[in-house]
Structure formats: C-alpha cells, structure tokens
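Go ahead and model the full structure; you've got the sequences and the hints to work with.
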Amino acid sequence: KVTFSDVTSASFKVKNRIIATPCYKSHLSQITGMEIYFKKDFLQTTGSFKERGACYALLMLSEQDKKKGVITASLGNHALALCYH
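Each number in my numbering comes from the position in the sequence shown (counting from 1) with 17 added on.
Hints in this document: simulated from the structure, not taken from any laboratory.
All clues stand as given, with none of them false.
Below are the DSBU-like pairs computed for lysine-lysine, each with C-alpha atoms no more than 30 Å apart in a straight line: (1) K84 - K67; (2) K56 - K30; (3) K57 - K67; (4) K67 - K32.
Rendered as structure tokens:
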C-alpha cells in the first residue's frame, strides 16, 4: 500500500533532480463540473513523466545494487529516463 507519506517522501527525494513542471487547469473542468489539471511532464529533459520513477528507483538502490548496475526492458521513455539519471 502506497501512503501519502510515501508519495511526499519520494517527491522530496527527487525534487532537485527533475524539472518542476507546471500544471494547467483543463477546459474539461467546465464540461465535467470537476477541477481537472494536466501536468506538463513532457517538459522533462527526456520528454516524459517516467523520469520521476526512474530517478527515485535509482536513488533507492543499495550500494551493493548500484555496483551491480541496472537493466531495463524498454524501447522508449523509461529507458531514456533511466539512462539520463
């Protein structure tokens, strides 16, 4: 189970390693009667939201696992994010 505390802790750990991207309120808010926001994570260095998860995963590796290295099975965004970080 992922808690709010887990999310805020992860956010704090990656905040200086990723770009703070803006959120914009969508015009869909008027249609749905709910507040809908879009986060523009395509503005990250690799153009994807995957940077957050890849960065966090690498930060959480033990020293022993860091020495072993990492491998990913991805043809796109996750692989780019992992290589970048």
